[in-house]
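Undergrad: Knowing the structure of chain A, use the given hints to seat chain B on it.
Protein chains: 2
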Amino acid sequence: MNSQGYSIAVAGATGLVGRTMLKVLEERNFPVQSLTLLASKRSAGTTMTFKGAAYKVQELTHDSFNNIDIALFSAGGSASKEYAPSAAKAGCVVVDNSSAWRMHEYVPLVVPEVNADALQEHHGIIANPNCSTIQLVVALKPLHEAFGLKRVVVSTYQSVSGAGNKGVEALEAELQSDNPNVKAEGSPFVMPVAYNTVFHTINEKYGFSEEETKMLNETRKILRLPDVKLAMTCVRVPTIGGHGESVNIETVKPAPPQEVERVLSQADGVIVCDEPQNNIYPTPRMSDGRDEVFIGRIRPDTSVENGAYFWVVSDNIRKGAATNAVQIAEALVKHDWLAIKPLPAGASL
Amino acid sequence: MNSQGYSIAVAGATGLVGRTMLKVLEERNFPVQSLTLLASKRSAGTTMTFKGAAYKVQELTHDSFNNIDIALFSAGGSASKEYAPSAAKAGCVVVDNSSAWRMHEYVPLVVPEVNADALQEHHGIIANPNCSTIQLVVALKPLHEAFGLKRVVVSTYQSVSGAGNKGVEALEAELQSDNPNVKAEGSPFVMPVAYNTVFHTINEKYGFSEEETKMLNETRKILRLPDVKLAMTCVRVPTIGGHGESVNIETVKPAPPQEVERVLSQADGVIVCDEPQNNIYPTPRMSDGRDEVFIGRIRPDTSVENGAYFWVVSDNIRKGAATNAVQIAEALVKHDWLAIKPLPAGASL
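These protein sequence lines are chains A and B, in that order. Counting in this note's numbering, the first sequence runs from 3 upward without gaps. Counting in this note's numbering, the second sequence runs from 3 upward without gaps.
If we strip away everything but chain A, and leave its shape as in the complex, we get:
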């Protein structure tokens, strides 16, 4: 670790995740020597504060990354696609929260509790997984090590903040509206989300949503289990923050609930809260503002050999995005893994 601290940039600083990245850097006392806030032309000029000091947001350009050590990107997929390679070329390590680079062969996709070691092999761009994937793999990794995963069935209960500020504003506007049957102006959803459930974008009949496909591909890459059997249904519900996931697992070895609880209690980044008889279990509200993944409703699933259920909730803006990105930066710094490895001949980002 550099005793002087690091030059950090946040690209997409004015968005919901960008603002939370700043908050998390401050809370976790990340060694920031200098801070550069970047955003689209539209948002440039905004003033934001970090540790009591004011910073003016600058326009994100190809030249924004000279002398920056680490850039946390949350400016949308097309900005990441365009500017992350320029940053890496300038010697800056990008931790990208968009989906643009996640499945790229030369981009590690990392949840520090699960596969921090993958950070050793980066070429200047590291991808932050999708929110609904992060909390799932934090739970699945220790369970796979203990019992061996055979099949996982997941149904999600995802909050509107997964679609950013616009998602939150759309829900609030529809709840206040005299006619909540009409979608709020500027809503990122395809229909009203107030008092409703909606799916993410689906491109074909009998097809999966983009969110579901992300969950499958990203889980396989992070767990390094390219054939793991995963069935997933991703649903948006009218909560503001905190994604819930109802999970059924089938394992190679028996996974009695006491053992599942013991394994998860000892897992990094997990808090088991499971006294349902006393109404103590994870909820979106209780996850608000927290960095951990909360697990409860552990119980045996006797509808299959070696089956178990659990319910997992995490703050999708924090552990599902901002916190995970900052944890990646922390791991890079702690292990002195900032050096950008050259790409193999013929490969490119």
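Be a bit skeptical, because a hint or two may be false.
Each pair may be met inside one copy or between any two copies, as identical chains are not told apart.
Straight-line Cα separation of at most 20 Å, SDA-like style, residue types lysine to any residue; simulated pairs [claimed, not checked]:
#, residue 1, residue 2
1, 231, 209
2, 43, 281
3, 207, 304
4, 152, 308
5, 185, 340
6, 152, 231
7, 185, 242
8, 185, 282
9, 58, 288
10, 336, 30
11, 58, 338
12, 53, 38
13, 25, 347
14, 207, 265
15, 53, 31
16, 152, 305
17, 207, 260
18, 231, 308
19, 168, 338
20, 207, 78
21, 58, 35
22, 207, 281
23, 207, 273
24, 207, 275
25, 207, 308
26, 255, 351
27, 152, 8
28, 231, 153
29, 53, 177
30, 207, 256
Read the hints as simulated data drawn from the structure, not as lab findings. Quick caveat: nothing in here was measured; it's all calculated off a predicted structure.
TA: Positioned in the frame of chain A, the structure of chain B alone reads:
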């Protein structure tokens, strides 16, 4: 069918389901010759209208059922436990919406599209299944006949109206409150439900909720598949009406999506709406006020042999309660099945 029509009573007439029963009787033009509205002492005296005429609600007592042909009960479990046997003794057939009688050996548990024939064997009390079970079995029955069910995994997205008027009022009050972290006064839920997800009552660690246990037991009884393998997680979400269910099935024969869609399209009481690429799929809002069960998101589940997914939504107050009860009454009348069969020696209700 009696050309004069039938003497009908509605017990619990002032509740959310009771009021909807009246509306459904009217809409479906059930042959009502005379109507008696019953409720607890507290609600007796209220005036309600049916087909333009005013009716005064009377107090529910053991003597309320003389000369009544059919009584639709939705007055809560303890009232059903207490008064349904008196009604049956007076020669009145009870269709009971509470959970009090559902698992009784001598009480048919009926969803007309699924097991109307079970109505032939009643002894004066017929049970209406739980809302989340009804819409599930309407979908599972034709799929079992076509493909043979091996295992079903369900996660529910249940609206607050499942807990009656008090559930709806609690959500609305919390959404309007300055501090939605505090549960609304009179809320039937264990914690705030606005912007949150909560579970139904759970009595032990590693245990299932009462709602989950109902779904298992009732599905097995209705489908007459006492060993069917069913895994279920029941979740309350902040929608007002319309329950969603994410379902994964594993079948004996292959169940390709085109075949699943064909089978469901031909099933009684089902509307398939499944053009997700055009944002057409079932939602709680679109089910509002409808009597059918809506199914979409049909797709192959390759994580298991012969697997398929679907998403099912229905108006929990109508098909999940009031409409199903009225449909039972319609079947009794149509087939002339009102006669109360004597119980076997030694048996009792």
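Undergrad: For the identical chains here, do residue 207 and residue 308 meet the 20 Å Cα criterion within one copy, between copies, both, or neither?
TA: Cα proximity of residue 207 and residue 308: across copies only (19 Å, versus 34 Å in one copy).
Undergrad: Indicate which option fits the pair residue 207, residue 260 if close means a Cα-Cα distance not exceeding 20 Å: within, between, both or neither.
TA: Close across copies (10 Å), not inside one copy (42 Å); limit 20 Å.
Undergrad: Cα distance capped at 20 Å. Does residue 152 pair with residue 8 within a copy, between copies, both, or neither?
TA: neither (43 Å within a copy, 57 Å between copies)
Undergrad: First find the shortest C-alpha distance between residue 152 and residue 305 inside one copy, then the shortest across copies, and answer within, between, both or neither for a cut-off of 20 Å.
TA: both (15 Å within a copy, 9 Å between copies)
Undergrad: When Cα atoms must be at most 20 Å apart, do residue 58 and residue 338 count as within-copy, between-copy, both, or neither?
TA: neither (30 Å within a copy, 80 Å between copies)
Undergrad: Regarding residue 207 and residue 304, is the shortest C-alpha distance of 20 Å or less found within a copy, between copies, in both, or in neither?
TA: Cα proximity of residue 207 and residue 304: across copies only (16 Å, versus 33 Å in one copy).
Undergrad: For residue 207 and residue 281, with the copy left unspecified, which applies at a CA distance of at most 20 Å: within, between, both, or neither?
TA: Classified as between; 10 Å across copies, 40 Å inside a copy.
Undergrad: Cα distance capped at 20 Å. Does residue 43 pair with residue 281 within a copy, between copies, both, or neither?
TA: neither (48 Å within a copy, 33 Å between copies)
Undergrad: Reference check for the pair residue 185 and residue 242, CA-CA at most 20 Å: within, between, both, or neither?
TA: Classified as both; 16 Å inside a copy, 17 Å across copies.
Undergrad: As a check of your reading, is residue 152 near residue 231 (CA-CA no more than 20 Å) within one copy, between copies, both or neither?
TA: both (7 Å within a copy, 18 Å between copies)
Undergrad: Using 20 Å as the alpha-carbon threshold, which applies to residue 53 and residue 38: within, between, both, or neither?
TA: Answer is within; shortest intra-copy Cα gap is 14 Å, inter-copy 70 Å.
Undergrad: Between the shortest in-copy and the shortest cross-copy C-alpha distance, which are at most 20 Å for residue 231 and residue 153: within, between, both, or neither?
TA: Result: close both inside a copy and across copies, 5 Å intra and 16 Å inter.
Consistency note: the structure conflicts with the earlier hints numbered 2, 5, 9, 11, 13, 19, 20, 26, 27 and 29.
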